[in-house]
Amino acid sequence: MKKESRLPNFQVNLLAEKEGEEFPWKARLEPLARKVLIEEGHPENVNIVMCSDQMVRELNHQYRKLDKVTDVLSFEWHEDYLLGEIYIAHDQVKRQAPKFGNTFYMELKRMIVHGLLHLSGYDHHTVPERVVMRRREREILGIDPYRHGKKKTEKTAKAAQKKGKN
Numbered sequence: 001m002k003k004e005s006r007l008p009n010f011q012v013n014l015l016a017e018k019e020g021e022e023f024p025w026k027a028r029l030e031p032l033a034r035k036v037l038i039e040e041g042h043p044e045n046v047n048i049v050m051c052s053d054q055m056v057r058e059l060n061h062q063y064r065k066l067d068k069v070t071d072v073l074s075f076e077w078h079e080d081y082l083l084g085e086i087y088i089a090h091d092q093v094k095r096q097a098p099k100f101g102n103t104f105y106m107e108l109k110r111m112i113v114h115g116l117l118h119l120s121g122y123d124h125h126t127v128p129e130r131v132v133m134r135r136r137e138r139e140i141l142g143i144d145p146y147r148h149g150k151k152k153t154e155k156t157a158k159a160a161q162k163k164g165k166n
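Residue numbers for the sequence shown follow the UniProt record's numbering, beginning at 1 and rising by one.
The reader is advised that the hints may include incorrect statements.
Unchecked claim - Label pairs and their computed distance ranges (CB to CB):
| # | residue 1 | residue 2 | range |
| --- | --- | --- | --- |
| 1 | Glu-129 | Gly-20 | 38 to 48 Å |
| 2 | Phe-75 | Pro-43 | 16 to 26 Å |
| 3 | Val-127 | Glu-40 | 19 to 29 Å |
| 4 | Thr-126 | Trp-25 | 29 to 39 Å |
| 5 | Gly-20 | Val-127 | 41 to 51 Å |
| 6 | Pro-98 | Trp-25 | 14 to 24 Å |
| 7 | Asn-9 | His-61 | 34 to 44 Å |
| 8 | Leu-66 | Pro-128 | 18 to 28 Å |
| 9 | Lys-26 | Ile-143 | 13 to 23 Å |
| 10 | Thr-126 | His-78 | 16 to 26 Å |
| 11 | His-61 | His-124 | 19 to 29 Å |
| 12 | Arg-28 | His-61 | 29 to 39 Å |
| 13 | Pro-31 | Phe-75 | 17 to 27 Å |
| 14 | Leu-66 | Lys-99 | 17 to 27 Å |
Claimed, not checked - With a Cα cut of at most 30 Å, we get these calculated DSSO-like pairs of lysine-lysine:
| # | residue 1 | residue 2 |
| --- | --- | --- |
| 15 | Lys-99 | Lys-68 |
| 16 | Lys-94 | Lys-35 |
| 17 | Lys-68 | Lys-26 |
| 18 | Lys-65 | Lys-99 |
| 19 | Lys-18 | Lys-99 |
| 20 | Lys-18 | Lys-35 |
| 21 | Lys-94 | Lys-18 |
| 22 | Lys-65 | Lys-94 |
| 23 | Lys-65 | Lys-18 |
| 24 | Lys-35 | Lys-99 |
| 25 | Lys-94 | Lys-68 |
| 26 | Lys-26 | Lys-99 |
| 27 | Lys-26 | Lys-94 |
| 28 | Lys-68 | Lys-18 |
Since the hints were derived computationally from the structure, they do not count as laboratory data. The structure displayed is predicted, hence computed values, not measured ones. C-beta: ideal position from N, C-alpha, C; glycine also.
With the sequences and hints as input, model every part of the structure.
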């Protein structure tokens, strides 16, 4: 008799701040979030909210006393039904993606993984903590999401195509 494989029963809710809007790439990002939570031993319900820079700035000011926008905020909930909530600043992530040599999609994946690792107990206040957290992000994403400046620019890509190197 074949043994039945059972995945933990929990939800990853990918939400948009504005009613009627959809979280970008929802169908591809939800399995990534589930994978991280299972691998980290936290198969629990999570809300991930794509929101405005202003909303993240207000949350950052209210809970961290920092009056500035940031890319991602993670809040642990000490409730039986919810591990936590992650808020991702859409425009901030879009602006910073090129800095890390990432597309918007890749940077969004990095923010989701980063936020989930915070909910799983990782932090980056000290250099050793940062090394451990970034190593784990690389393991999950399969690439170095902090590879500054290694992304081909449009101009470089076109030049490589002309030379037959692409």
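Consistency of the hints with the structure:
1. Glu-129 / Gly-20: 38 to 48 Å: The hint (38 to 48 Å, Cβ to Cβ) holds, given that Glu-129 and Gly-20 are roughly 39 Å apart.
2. Phe-75 / Pro-43: 16 to 26 Å: 19 Å, holds
3. Val-127 / Glu-40: 19 to 29 Å: 22 Å Cβ-Cβ, so the 19 to 29 Å window holds.
4. Thr-126 / Trp-25: 29 to 39 Å: 33 Å, holds
5. Gly-20 / Val-127: 41 to 51 Å: Given range 41 to 51 Å: holds, Cβ gap about 43 Å.
6. Pro-98 / Trp-25: 14 to 24 Å: The hint (14 to 24 Å, Cβ to Cβ) holds, given that Pro-98 and Trp-25 are roughly 18 Å apart.
7. Asn-9 / His-61: 34 to 44 Å: 36 Å, holds
8. Leu-66 / Pro-128: 18 to 28 Å: 23 Å, holds
9. Lys-26 / Ile-143: 13 to 23 Å: 22 Å, holds
10. Thr-126 / His-78: 16 to 26 Å: 24 Å Cβ-Cβ, so the 16 to 26 Å window holds.
11. His-61 / His-124: 19 to 29 Å: 21 Å, holds
12. Arg-28 / His-61: 29 to 39 Å: For His-61 against Arg-28, whose Cβ atoms are near 32 Å apart, the range 29 to 39 Å holds.
13. Pro-31 / Phe-75: 17 to 27 Å: Roughly 23 Å apart at Cβ, these two residues keep to the hinted range, so it holds.
14. Leu-66 / Lys-99: 17 to 27 Å: With Cβ atoms ~20 Å apart, the hint holds.
15. Lys-99 / Lys-68: OK: Lys-99 and Lys-68 at ~19 Å, within 30 Å.
16. Lys-94 / Lys-35: Cα-Cα ~24 Å, so holds.
17. Lys-68 / Lys-26: 27 Å, holds
18. Lys-65 / Lys-99: OK: Lys-65 and Lys-99 at ~26 Å, within 30 Å.
19. Lys-18 / Lys-99: It holds: about 27 Å lies between the C-alpha atoms, which stays within 30 Å.
20. Lys-18 / Lys-35: Given that 30 Å is the threshold and the Cα spacing comes to 27 Å, the pair holds.
21. Lys-94 / Lys-18: Holds, at about 18 Å.
22. Lys-65 / Lys-94: Distance of about 24 Å is within 30 Å: holds.
23. Lys-65 / Lys-18: 25 Å, holds
24. Lys-35 / Lys-99: Between Lys-35 and Lys-99 the Cα gap is close to 27 Å, so the pair holds against 30 Å.
25. Lys-94 / Lys-68: 16 Å, holds
26. Lys-26 / Lys-99: Holds: Lys-26 and Lys-99 sit about 24 Å apart, inside 30 Å.
27. Lys-26 / Lys-94: Holds - the C-alpha atoms of Lys-94 and Lys-26 are around 16 Å apart, at most 30 Å.
28. Lys-68 / Lys-18: Roughly 21 Å separates the two Cα atoms, so the pair holds.
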